[in-house]
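We have chain Z already, so just place chain R on it with the hints.
Protein chains: 2
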Amino acid sequence: MKCNNLAIALVHYPVYNKHNEVVTSALTNLDQHDIARSAKTYGLDRFYIVTPSEEQRKLAERISKHWQQGWGAEYNPDRRQALDIVQVTPSIESAVADFQTGFNKTVKLAVTGAAERSGATSIGTFKKFIQEEAQPYILLLGTGWGLTKEVFATADLILEPIAGNGSYNHLSVRSAAAIMLDRILGTERKDTQTHTASIIEEEDN
Amino acid sequence: MKCNNLAIALVHYPVYNKHNEVVTSALTNLDQHDIARSAKTYGLDRFYIVTPSEEQRKLAERISKHWQQGWGAEYNPDRRQALDIVQVTPSIESAVADFQTGFNKTVKLAVTGAAERSGATSIGTFKKFIQEEAQPYILLLGTGWGLTKEVFATADLILEPIAGNGSYNHLSVRSAAAIMLDRILGTERKDTQTHTASIIEEEDN
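Protein sequence lines correspond, in order, to chains Z and R.
Take 1 as the starting number for the first sequence in the working numbering and just add one per residue.
Take 1 as the starting number for the second sequence in the working numbering and just add one per residue.
The following block holds chain Z by itself, in its conformation from the complex (with noise of 0.2 angstroms):
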């Protein structure tokens, strides 16, 4: 299954620092590959990189390119398929913008964080949306020490945190996307093997 109707964003700006200050957040050389790779694996069309910095577009920008046409294309030719899914852009509203061109419906933005909040929508139900209808969403996933109220007050869908399993809760944003891209789009396969309690045994020797 190709999922064309969702997008990832993964957004520099506006999200805060540690002082709680609206700030521009620094690009990640791995942020990028890693989110590119797992989108890919989960047949994404875009991941929209989010900055307002030129200067840090550009960079991105350069480093898609050395995997698409320099020596690591040679080198890494998974690696060139993962990143020509990266679109590098300015705002918000210009990865909205993109997306837009592909569809008739108006594109809606979920957003996702590690706090609790109310009115939250669980993954499963998100899940739905995505199959079951023709409305094109961009998943925004925020850096720093997260996406602002303002970009939560203005989204279409709060998505649930992700839930561990006690009251630690800080995944990388790398790790926060493949589980997301996984539980939105995963496929659970079967057993190619039938196992029971004495064929676990015979496997011990």
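No wet-lab data here; the hints were simulated from the structure.
Among the hints, erroneous ones may be present.
Which bits of chain R does chain Z cover? Going by a derived footprint, with three or more residues having C-beta under 8 angstroms, they are [as the list claims (entries may be wrong)]: (1) 23-35; (2) 73-85; (3) 165-171; (4) 177-186.
Distance condition first, Cα-Cα at most 25 angstroms in a straight line; then the derived PhoX-like pairs of lysine-lysine [stated by the list, open to error]: (5) R/K65 x Z/K18; (6) R/K127 x Z/K128; (7) R/K128 x R/K105; (8) R/K18 x R/K149; (9) R/K149 x Z/K127.
From chain R, some residues computed to sit far from chain Z (all C-beta separations above 10 angstroms) [unchecked claim]: (10) V15; (11) K40; (12) E55; (13) Q69; (14) N104; (15) G124; (16) K149; (17) R174.
These figures come from a predicted structure and were not determined experimentally.
Yeah, the Cβ is synthetic: ideal placement off N, Cα and C, and Gly gets one too.
Only chain R this time, still in chain Z's reference frame:
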């Protein structure tokens, strides 16, 4: 739920390089951080970093120490908690020996990789093993171009690779670890809001 009977190990030897040679791969700083944070989020007590290189083990310990005791501990206490579960160890055997100290039952090894293999166990089945049996498992994750065939041959359990939505399947080890942990130990939340088509429309304002 604390999941004491599952540990994760990031293996830097024996793994293949691009040319199918058995090598010791280099430590990646962000692997240590990201996988520690994911493992801690899902309640694990142990994340083993396996490398026979003494120099690389010292580097891994220095990274952990920086966030546990140095300037980093004060700057980011969440990072400290995650790195507290990291154990740097020279071999898969020494990781098993360490984990074994907490259990009467013999520790079993589960392996996973990007390639399809016959006799693979689904993650759903493995999840049941972890929940229902008091059986300790270490999940081995390979770096470089993957764990050697000898490691696969001696493992107690081979897990199915994570399936995306197409032929492209090149997740980073950081993303793969996050997804595996979520599939094995994650809990699905319910909506905190009832959704109907009309409510969705209202949110659109």
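- Query: Which hints from the list above does the structure break, by number from lowest to highest?
  - Reply: Hints 9, 11, 15 and 17 contradicted; others consistent.
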